[in-house]
Amino acid sequence: MKPPESPLRSPTSSSDDAASAELRQWLAPPPAAIAGHRVVRELGRGAMGIVFEAEQPLTRRRVALKVVLAAIDGAGRRRFERECEALARLDHPGIARLWSAGSTERGEPWLAMELIEGETLAQRLRDAAWPRAERLRCFVSLAEAVGAAHAAGIVHRDVKPANVLIDRDGAARVVDFGLALLQSGVDPTRVTRAGGAVGTLAYASPEQLRGGDVDARGDVWSLGVMLHELLTGRPPFPEGSDFATLVDAIVRRPPPRPSRAARDVAPELDAIVLKALERDRARRYGDAAALAADVRRFLAGERPLAPRIGGAREVARFAARHARAAGVAVGVVAAALALALVLDAARGGRRGAMPPDLRAPLEGRGFERIAPYAALRWRDGRPFVRHGGAWQELVALDGFRVELLLAFCRQTAPRDATRRFTEDLGEVLARVSGRVPPDRVTLRLRDAAGVERDVGDVPMTEVNRNSLWWQRHARRFDEVRERDGRVEVLRGGAWLELVAIAGRDVAQLHADPGFAPGKLALALDDELVPYVERIVGGPVPWPLEVRLRDRDGRDIVVGDLLADDVAPDDPDRERP
Amino acid sequence: MTRDLESLRAPLLRFCAGYLRDTEAARDAVQECFRRLLALKETPEAPPAWLRRAARNHCLNLLRSRRRRRDRERLATGVDVVAPVAGPLTGLVREEERASVGALLARLREDEVELLRLRYVDELSRREIAELVELPESTVKSRLEDALRKLRRA
Chain A
2 MKPPESPLRS PTSSSDDAAS AELRQWLAPP PAAIAGHRVV RELGRGAMGI
52 VFEAEQPLTR RRVALKVVLA AIDGAGRRRF ERECEALARL DHPGIARLWS
102 AGSTERGEPW LAMELIEGET LAQRLRDAAW PRAERLRCFV SLAEAVGAAH
152 AAGIVHRDVK PANVLIDRDG AARVVDFGLA LLQSGVDPTR VTRAGGAVGT
202 LAYASPEQLR GGDVDARGDV WSLGVMLHEL LTGRPPFPEG SDFATLVDAI
252 VRRPPPRPSR AARDVAPELD AIVLKALERD RARRYGDAAA LAADVRRFLA
302 GERPLAPRIG GAREVARFAA RHARAAGVAV GVVAAALALA LVLDAARGGR
352 RGAMPPDLRA PLEGRGFERI APYAALRWRD GRPFVRHGGA WQELVALDGF
402 RVELLLAFCR QTAPRDATRR FTEDLGEVLA RVSGRVPPDR VTLRLRDAAG
452 VERDVGDVPM TEVNRNSLWW QRHARRFDEV RERDGRVEVL RGGAWLELVA
502 IAGRDVAQLH ADPGFAPGKL ALALDDELVP YVERIVGGPV PWPLEVRLRD
552 RDGRDIVVGD LLADDVAPDD PDRERP
Chain B
82 MTRDLESLRA PLLRFCAGYL RDTEAARDAV QECFRRLLAL KETPEAPPAW
132 LRRAARNHCL NLLRSRRRRR DRERLATGVD VVAPVAGPLT GLVREEERAS
182 VGALLARLRE DEVELLRLRY VDELSRREIA ELVELPESTV KSRLEDALRK
232 LRRA
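Protein sequences appear in the order of chains A and B. According to this note's numbering, the first sequence is numbered sequentially starting from 2. According to this note's numbering, the second sequence is numbered sequentially starting from 82.
Be aware that a few hints might be false.
To be verified - For lysine to aspartate or glutamate, the following DMTMM-like pairs were computed, each having C-alpha atoms within a straight-line distance of at most 25 angstroms:
1) Lys231/B to Asp381/A
2) Lys222/B to Glu23/A
3) Lys231/B to Glu23/A
4) Lys222/B to Glu204/B
5) Lys122/B to Glu212/B
6) Lys222/B to Asp192/B
7) Lys231/B to Asp417/A
What the hints assert, rightly or not - Some chain A residues flagged as far from chain B (calculated, every beta-carbon gap over 12 angstroms):
8) Arg25
9) Arg39
10) Arg46
11) Ala55
12) Leu70
13) Leu91
14) Ala134
15) Val252
16) Pro305
17) Pro308
If you're looking for bench data, these hints aren't it; they were derived computationally from the structure. From the three backbone atoms N, C-alpha and C, an ideal C-beta is built for every residue, glycine too.
Throw the hints in and build the complete structure from the sequences for me.
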């Protein structure tokens, strides 16, 4: 019998063998054993890996064995090991225990966790008859467990009802601390693919959305969201709302007090929730234990430490905010107007359906379709920009994580999200941030070593428009190939020879070993801008002329042709 | 004859475990299928194909009753890896997640996953698959292609 061909083979992809090996792994029946554990059955699977019920060697203890089917690099592995050590030391009844961890022969990390039977808090919350006093006691045990982790220096980063189990005795048990650490430990390229950075949005803290570092106070925010949900039956930032509204609610709007949704919630509990949901994390509880203690105080009939809502301090803060705003009245009013329009447009939500009022403030600044960088390249669905002579991943733009901006693009342009991101980044940023983007922005870049760094003061200027246009132009060639030492492009159904690029004779470039024709073919497909930069030893000239020759020996100068009928500042206009 | 049958045991165990995702249940299922085969008055023409068909029917029946049982008593295990809330927003944020092979697989229909598994794990030919699932070979081919296309979606 002929073995089946590689299942994911396609002429365009080169990493198919790896992909098909991965596919086989996902499809395969549970192995008999993993790292000495006898595998009993599969319990579930996620985007990152599979969870098995397994039996530990010797002790025959039943465990939940999680195997991560994702690559993990050297630095990631060391971090994974360090965090495993810390987790294994965490001995708290409210936290699912980590029994052991390691990696398989193939190098996939695995974790043997305590197997807990019960239901998740997400499931439990559906029971409307669950008395509030019990809900609060459950919350206290949950917050204390998370607090114990904080005391040990471990942040969960993804606290949500699905990660909390209610065991048979009604006590909360937090699971998936392991997942949080894997998300930080796994090769970053895979993390983004797995969406680890964002987590479940409704429970994510503003700093998580903005791409800042997350500490214990990030978990406090998530717990605040859950306390609100426990008190009222629904989270303060409901999942059902559309994306822009939700981000707006988390990042900018004052969080709603629980008593708005459920009138019988005591004002003290309102105060506790709002203190956990302070946008400025310095004002939140310092860690989960402090939050637990305050709820415990309330349950004991004492006065919580959280300041009562409507107290003098609140009024003073409100006044202070507004006084500041008045100081820069004109700008703020304009920005607020833009914000309102932006959000309106976002709700209407279609590309090109922007109301004229919104267009005005954006267009004046030239942000409609401009990428902030001379070249933006996509790899595995993530944008890279050229900085400091190397390709670096764009992680955040002006304080907004790329995942977030991309998610917005996906909502408004489901079929064309990356293109929308590339071309309408200014507008996307405006809609997500709710303000007109500044002329200069801060980029957060991640270099090859995984180090993130902010690069400030990057202009979003006209220069970039040029290269962006060329990115599109490069895509106008349906295909590029190499034939008998010549580079040929497919254009309008015919193969044309590439004779010159940016005024440089391709034949001459061939003579230079650094500019092999095969490389040019690749570059035309993929990385035109940096390639041309190397050829000319400077920024890409505009118009960038490409001279093609057809079968009859006639030359066609592409740069000129395009410049004639498609203005570079109007990349949306297609040739007739 | 019996020795020939014994060589079918290991692949059949994998085959059943592919459906049941449970090594102990798979062992029982294999046992049951062999028992049925040996109880036949006449040996079937192609014992491997007969065993596969019997095993598949048996496993699908087990899965159906398991699903009914699970609906009655929900056994949560602390490994709730599938998002329990499924609003449009969750879908949106999880879009990235879905780009991983495992997540893309989760979006396929069960019969599509079955075809992929039969082809790439059990390494059956399209003809053998067609015979097993009682579909024309051309349908098996196009469904496999469909499933792969969905997985390749970048």
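Review point. Which hint numbers does the structure go against, in order from smallest to largest?
Key: Hints 8, 9, 10, 11, 12 contradicted; others consistent.
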